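Given next are the chains, with one letter for each unit.
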Amino acid sequence: MYPCVILLTISLNFIKTFLEGYMPSFFDTWFPFIYLYVVGGFFFLVGMIIIKKSGAINLNIKRHKYWYRILIFGFFYFVVLHAFFIILALYW
Amino acid sequence: METSTQGMHQTFHNIGSSTDWIVMVVYFIVIMLFGSYFGRYNRSTKDFFFGGRRFAWWLIAFSIVATGVGSHSFVKYSAKGFEHGISSTMTYINDWFFLPFFLFGWLPIIVYTKIRSIPEYFEKRFSPSARFLATILLLFYMLGYIGIGFLTLGKAVLPMLPESFTMFGNEFQITLMGAVIVIAIITGIYITFGGQTAVIFTDLLQGFILLFAGFFLFFLGISYIGGIDVFWNLLPQEWKMPLAKFNHPTDFNFVGIFWQDGVAGSIGFLFMNMGLIMRFMATKSVDEGRKAATFNILFMLPLSAIVVGNAGWIGKAISISNPELVPPNTSPDQIFVVVANIVAIPGVFGFIMAALTAALMSTVDTLINATAAIYINDVYRPIRTFLKKHELTTKGEDKKELAAARYSSVIITALGVISVLAFKSFPTVYEAHGYFHSTLTPPLVVAIFLGLFWKKFTPAAVITTFVAGVALMIVGLHDPNVITPFNHGIEMDPNHPYSYIRALYNTFVCVFVAVAVTVTTTQQISVSKMLKAKSNGLQIVYVMIAIAVLTFVIVLFDLLPLTLQFVAILIMMFTTSVVSHYFIKYDQELQTTGLTVWSVDKAKEFFKGSKINNAEGEKIKVNWKQVEGEEDIVNFSKNDMDRMKAKVGDLVYLCDVRKYLGGLKSVHSVFGEPHDEDGIVHITEDNLLNGVFEKGRLLTAEKEM
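Quick mapping for you: the protein sequence lines, in order, are chains A and B.
In this text, residue positions in the first sequence follow the numbering used here: the first is 1355, and each later residue adds one.
In this text, residue positions in the second sequence follow the numbering used here: the first is 28, and each later residue adds one.
Don't take every hint at face value.
[Said to hold, decoys possible] Under the rule of at most 27 Å between Cα atoms (straight-line distance), these lysine-lysine pairs were calculated in the BS3-like manner:
| no. | chain 1 | residue 1 | chain 2 | residue 2 |
| --- | --- | --- | --- | --- |
| 1 | A | 1407 | B | 482 |
| 2 | B | 665 | A | 1419 |
| 3 | B | 635 | B | 318 |
| 4 | B | 722 | B | 665 |
| 5 | B | 638 | B | 674 |
| 6 | B | 612 | B | 151 |
| 7 | A | 1416 | A | 1406 |
| 8 | B | 141 | A | 1416 |
| 9 | B | 483 | A | 1407 |
| 10 | A | 1407 | B | 638 |
| 11 | B | 482 | B | 556 |
| 12 | B | 482 | A | 1419 |
| 13 | A | 1419 | B | 638 |
| 14 | B | 318 | A | 1407 |
| 15 | B | 648 | B | 629 |
| 16 | B | 638 | A | 1416 |
| 17 | B | 672 | B | 686 |
| 18 | B | 631 | A | 1407 |
| 19 | A | 1419 | B | 141 |
| 20 | B | 141 | A | 1406 |
| 21 | B | 151 | B | 141 |
| 22 | A | 1416 | B | 318 |
| 23 | B | 692 | B | 648 |
| 24 | A | 1416 | B | 646 |
| 25 | B | 635 | A | 1407 |
| 26 | A | 1416 | B | 612 |
| 27 | A | 1419 | B | 629 |
| 28 | A | 1416 | B | 635 |
| 29 | B | 648 | A | 1416 |
| 30 | B | 629 | B | 483 |
| 31 | B | 674 | A | 1416 |
| 32 | B | 648 | B | 722 |
| 33 | B | 141 | A | 1407 |
| 34 | B | 141 | B | 629 |
| 35 | B | 674 | A | 1419 |
| 36 | A | 1419 | B | 318 |
| 37 | A | 1406 | B | 638 |
| 38 | B | 629 | A | 1407 |
| 39 | A | 1419 | A | 1407 |
| 40 | A | 1416 | B | 629 |
Don't read these hints as lab results, they were simulated from the structure.
As the structure is a computational prediction, the values presented were derived from the model and not from experiment.
All chains should be modelled from the sequences, with the hints used to inform the complete structure.
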């Protein structure tokens, strides 16, 4: 995992240098958003898989199905919320 | 209003008028009377700490607002709002990622295993020694949290006080620590006589008041500036972004705060913060706890983000349009008070300040209550059991525990004040809190997470994580350069190196130790068996313990070069894990059943004591009739039991029919043999007293499981 972290740091610096030439503010505007929902989304996805595989959430039970949908809804609710406010900040 | 300059920042004193002080005192008296009224519902330590597992989700969801808003306070988010704009909201809107783990992993397990504290989980899942180490780490965490609360309170109140006062001809300077001590005394008195039910109800009231006060301040501020358009156009574009810049500046950047707050903080808050967990445990069922948590994160936290940060945004806008009124170099931690004083008339300012300080007190109260619960469960009871004086069943013992809980609250309050000293040197409360989260949460977060989701995670691994993981974290404290590979391009501030991103390093090293020890379990067991077979095995084990202790001391005092410290820690990992296997008896099958996410159904069965009845029945309304008896059972008619799809031995929840009480008058019991009187429940005196039911009032009954 240690080399992966170094690789990630190098990649981030590369993306920053590359993108700054074309879109100066991307690294400080949309990039945090992408990082948040890619890395955070990874944790979320792992959580969803574990609770499903372990049987902690049983989709045959009506109530659990409801909770499963709420969890997915919540994730996209925050994606939309953040995206909306970034657009608002940049273009309004 | 007086001002003075300290370093780069301008500080304020004597803000507010006597009307404001009168409003504040009246507010506090009303809140304390309100809390004391509900304090009478504490009948045992169970009620004192957990509120008797009876409340509706909405009551808990709103009471959490005051706890959350208080701890993630007006002071620190207004400061960051003033310095960096709307991105001060980001820490309130990044808690969803770990919710699946919480709702369907941690929450059902802590409720169904009937644990009273997190360390108790460590004993059941691992061993008493794991519980001991978890208790130490958790007490540090909770005391640190209380310290942060007191520091924030002190910083909130200080601008309202004069720089000094004269008494008996002597002039006394009003210092931050002086203010903290006085606040701590008031807080300590309240919690000592309140208890969890009182805290829940005062927090419920304060949740509403805080939201109102925060939005009212926002409305006043916007009006003062000249409308939302003027406000928006005054803010520089970067102040409008909801997320901070990726990796700069060092004191506020997205990636550092993501790992510190979004990961370590969110998990810490949901999984480790006993104050919050006890709220969820006070709900009438796991499903109600899920509703409370979800509603809180989806709706209350985004609203709270506006409530706590808007004074900073308004302050920034005023500092651009009228820099003489709000100088751009105003001390960030004072901006909330300064802005509230400018936009609100006397009296209203006092009300806003009262709401702020009372909410902060609520947070500290909750934390003190939770820390006392840890003390009783994980220090007091084990010691009494060890001395063979503990009998759980006697009512006399419960009274003694309640008294011990109250005394310990006072001591915890004092220790909380002392811990303020550790955080006082940070430029803002936000950075102090960030550093605190990054440093104290990772070992417990990793231990809880892996314990809950990975059946192979052993007691040796958890103990080694607590010892060697912490040692590696200390290396990072002494030499921040080891954190550099994790820094994502964040520059190191030599005064407070990597306050936020150190959370990633600390989490990484703890996960590394935990995984490395778990995957080499077979080899450790072989060595431990070999030692048991040897005649001098015990002596060798003692030497190994000495090596581990010596290594910890070397790392703690930074006595060796860095490379050698790493080598010593690797040796320590080996010795600690082997020693753990040597002494700890661990049955993986037994100690993971019902205690990991892979067997939540079993936990539910253990909770009930028999097979689960999942059939979905109706909720019914019944009258009650008192009957003689000692057993914890209630009896319904056969027809009523059929409607609820209940069987004898199933669990039932009885609640006063008035929904607005939120479950305050309710009780859990067990279905007994049916009778023939439809619409009537037979109930014993004990259950009547526990439920605080009133004569002539209908009850709602529902089968739980």
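Does residue 638 (chain B) sit within 27 Å of residue 1419 (chain A), going by the straight-line distance between their CA atoms? 22 Å, holds
Restraint status (C-alpha distance of residue 483 (chain B) to residue 1407 (chain A) at most 27 Å): 16 Å, holds
Does the alpha-carbon distance linking residue 648 (chain B) and residue 629 (chain B) stay inside the 27 Å limit? Given that 27 Å is the threshold and the Cα spacing comes to 31 Å, the pair is violated.
Between residue 612 (chain B) and residue 151 (chain B), is the straight-line Cα distance small enough, at 27 Å or below? 12 Å, holds
Does residue 482 (chain B) pair with residue 1419 (chain A) here, judged by a C-alpha cut-off of 27 Å? Since the Cα atoms of residue 482 (chain B) and residue 1419 (chain A) sit roughly 26 Å apart, the hinted pair holds (cutoff 27 Å).
Given the hint that residue 1407 (chain A) pairs with residue 638 (chain B), test it: the Cα-Cα distance must not exceed 27 Å. Holds: residue 1407 (chain A) and residue 638 (chain B) sit about 22 Å apart, inside 27 Å.
CA of residue 151 (chain B) to CA of residue 141 (chain B), is that 27 Å or under? At roughly 11 Å apart (the allowed maximum being 27 Å), residue 141 (chain B) and residue 151 (chain B) satisfy the hint.
Given hint residue 629 (chain B) paired with residue 1416 (chain A) - CA-CA distance at most 27 Å: Measuring from Cα to Cα gives roughly 20 Å; hence the hint holds.
Between residue 141 (chain B) and residue 629 (chain B), does the CA-CA distance stay at or below 27 Å? Between residue 141 (chain B) and residue 629 (chain B) the Cα gap is close to 13 Å, so the pair holds against 27 Å.
Below or equal to 27 Å on CA atoms is what counts here, so check residue 635 (chain B) against residue 318 (chain B). Holds - the C-alpha atoms of residue 318 (chain B) and residue 635 (chain B) are around 22 Å apart, at most 27 Å.
Holds or violated: residue 674 (chain B) to residue 1416 (chain A), with C-alpha atoms at most 27 Å apart: 21 Å, holds
Between the alpha carbons of residue 672 (chain B) and residue 686 (chain B), is the straight-line distance 27 Å or under? 23 Å, holds
When held up to the earlier numbered hints, the structure conflicts with 2, 15 and 26 and fits the remainder.
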